[in-house]
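Undergrad: In case you want the letters, here they are:
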Amino acid sequence: MLDKEFNEEDVLTRAAQGDRDAFGLLYERYLDRIFNYVYYRTGNLHDAEDLTARVFQRAMNHIKNYTDRGVPFSAWLYRIAHNLVANWHRDRSRRQEIPINDVPILPSKGDHPERNLVRSQEETTLLKLIRRLPPERQNLLILKFVENMSNAEIGKIMGRSEGAVKSLYHRTLLSLRDQIGDQHISLDNE
Amino acid sequence: MNKLRTSLSEDQLSALEAHLAGTLKPVTPPMEIVQRLRNRMHFPERRVIALRLQDWQRMLLVFGGVMSGMLVMITVARAFFYLIRRHI
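In order, the protein sequences belong to chains A and B.
According to the numbering used here, the first sequence is numbered sequentially starting from 254.
According to the numbering used here, the second sequence is numbered sequentially starting from 21.
Only chain B is shown next, with the shape it has when bound in the complex (with noise of 0.2 angstroms):
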């Protein structure tokens, strides 16, 4: 008796895997699923990336550039007024 609760038949192990495989099978995920998977692991393309970095660095020139002008700027109108104090 106990063996038997305890071992499957043939016809059962086949009757029940049929079953199983009837019941458990792939499915496919709806295609508004998908694409909102996809836009939440959507991240931004390298080449999105470099251009980035590219203005950042592109920033950082002007803003030296500038910075470096008003330096010689300022150095030349120091320059002037020196001159001017002296001939006065």
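Excised from the complex, chain A in its bound form (with noise of 0.2 angstroms):
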């Protein structure tokens, strides 16, 4: 519904003024998107939504920097976002990991209540396996999977070509497939 009824190079003008009701427009339409980027890159609840948070505010006190050069607003969003993860991991790294295990199941847009309670072991394992891949390639598979991006879109996020972030998604299907060999996930055809 508001993505019908605003034009966001005039919400980003007004925006950019200091009008927070713009701002607001902008923060109700990509705040499911940045959620879930930010889940999937953390895994932990709490955390997505503090960082998810702290994603729009220093995108509101940086709008004014904001300048449409081929890059639209939510890259240049989920660009603030993959940067803040990565402080994130920075600073976690020095101290104790939390098991994917214990990260909350969220219901998924579509998906029956009963469905959402359990994730199936080979969804864990391959969640566990997706979130040993370096912080690149996690972005590019929660991009195009999560996000339902093509490869331009995710190009201009992650500053690469469209043929580099096709060989790139080739090169993790292929380190995703040889790390699957051990785990008891089929990929016969199904």
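Treat the hints with care, since some could be wrong.
As the list claims (entries may be wrong) - Some chain A residues flagged as far from chain B (calculated, every beta-carbon gap over 10 angstroms):
| id | residue |
| --- | --- |
| 1 | Thr266 |
| 2 | Phe326 |
| 3 | Asn336 |
| 4 | Leu337 |
| 5 | Trp341 |
| 6 | His342 |
| 7 | Leu380 |
| 8 | Ser403 |
| 9 | Arg430 |
To be verified - Using 16 angstroms as the maximum straight-line C-alpha spacing, the simulated EDC-like pairs for lysine to aspartate or glutamate come out as follows:
| id | chain 1 | residue 1 | chain 2 | residue 2 |
| --- | --- | --- | --- | --- |
| 10 | B | Lys45 | A | Glu400 |
| 11 | A | Lys409 | A | Glu389 |
| 12 | A | Lys419 | B | Asp75 |
Treat the hints as calculated values from the structure; they're not laboratory data.
Being a predicted model, the structure only gives us computed values, none of them experimental.
Yeah, the Cβ is synthetic: ideal placement off N, Cα and C, and Gly gets one too.
With the hints as a guide, bring both chains together as one complex.
TA: Below, the structure is given as structure tokens:
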């Protein structure tokens, strides 16, 4: 509904002039997406909440610096999120890790409630493997599958060409396939 | 052998993508989190800021008025005492 109601360019101009209501519209529009990204990158509900808030606070403080040079606002927001998550991982590496099994399961959009209570063993194992990948590969998979973005859109966020994203995706799948080898995940055609 | 390890068959590719699509699904943030985030990001409305500003301007006007009034009263009092002293 919100998407149809506003022209992002106008709203961005107003937000850059300090109009908080305009920024509120952007916030409502991107809240779910940024939360999803941060949630999958941290696997931690509390930190996902905190980091999501910080992404928008930082965006609001620096929105005057945002200029559309072929990089959409969403890409700019994801970059802020990426930097904050990277800092979070850096800080956390000095502290203890939370096992992936402790990660709370959130309802997936369009799922039946019963489906949300338990992740299958395969999904949990695959999530563990994904979270062992280098950050940029995790980003790529999250943007591709959670955010359903094209390689070109991902390229704008990651600062890479479409071809480079495609190549990185292929290498990521190869790496996952090799890691899956020892796990109980079937790659036979289902 | 090496070629096998560095390439993915169509079947493997589609199976792996299906697994990834099943695992990495968009999630819905819990309502209480959405609410807390909204509260955390809540700023006073422009209308409220304008009202606060008007209040501040009103206070300045009252303060200025009181000071001017006192100045006038002191001047009148001084003139009054000056005139009385001249008559005495």
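Undergrad: Each hint should be assessed against the structure and marked as holding or not.
TA: We went through each hint and held it up to the structure:
1. Distance check for Thr266 of chain A against chain B: the nearest CB is about 16 angstroms away, which clears 10 angstroms, and the non-interface claim stands.
2. Non-interface call for Phe326 of chain A relative to chain B: holds, since the shortest CB-CB distance, roughly 17 angstroms, exceeds 10 angstroms.
3. Listed as a non-interface residue, Asn336 of chain A keeps its Cβ farther than 10 angstroms from every Cβ of chain B; the least gap is roughly 19 angstroms.
4. A cut-off of 10 angstroms between C-beta atoms confirms that Leu337 of chain A is not in contact with chain B; the least separation is 15 angstroms.
5. Taking the minimum C-beta to C-beta distance to chain B, about 17 angstroms, the non-interface status of Trp341 of chain A holds against the 10 angstroms cut.
6. Listed as outside the interface, His342 of chain A is consistent with that label: its C-beta sits roughly 18 angstroms from the nearest C-beta of chain B, beyond the 10 angstroms cut-off.
7. With a minimum CB-CB distance of about 6 angstroms to chain B, Leu380 of chain A fails to clear the 10 angstroms threshold, and the non-interface call is violated.
8. At roughly 15 angstroms from the closest C-beta of chain B, the C-beta of Ser403 of chain A stays outside 10 angstroms, upholding its exclusion from the interface.
9. A beta-carbon of chain B comes within 10 angstroms of the beta-carbon of Arg430 of chain A; the shortest separation is about 6 angstroms.
10. With a CA separation close to 8 angstroms, the supplied pair Lys45 of chain B and Glu400 of chain A stays within the 16 angstroms bound.
11. Distance check on the hinted pair: Lys409 of chain A and Glu389 of chain A sit about 13 angstroms apart at the alpha-carbon level, within 16 angstroms; holds.
12. Of the supplied pair hints, the one linking Lys419 of chain A and Asp75 of chain B is violated, its CA atoms being roughly 59 angstroms apart against a limit of 16 angstroms.
Going through the hint list in order, the structure does not satisfy hints 7, 9 and 12.
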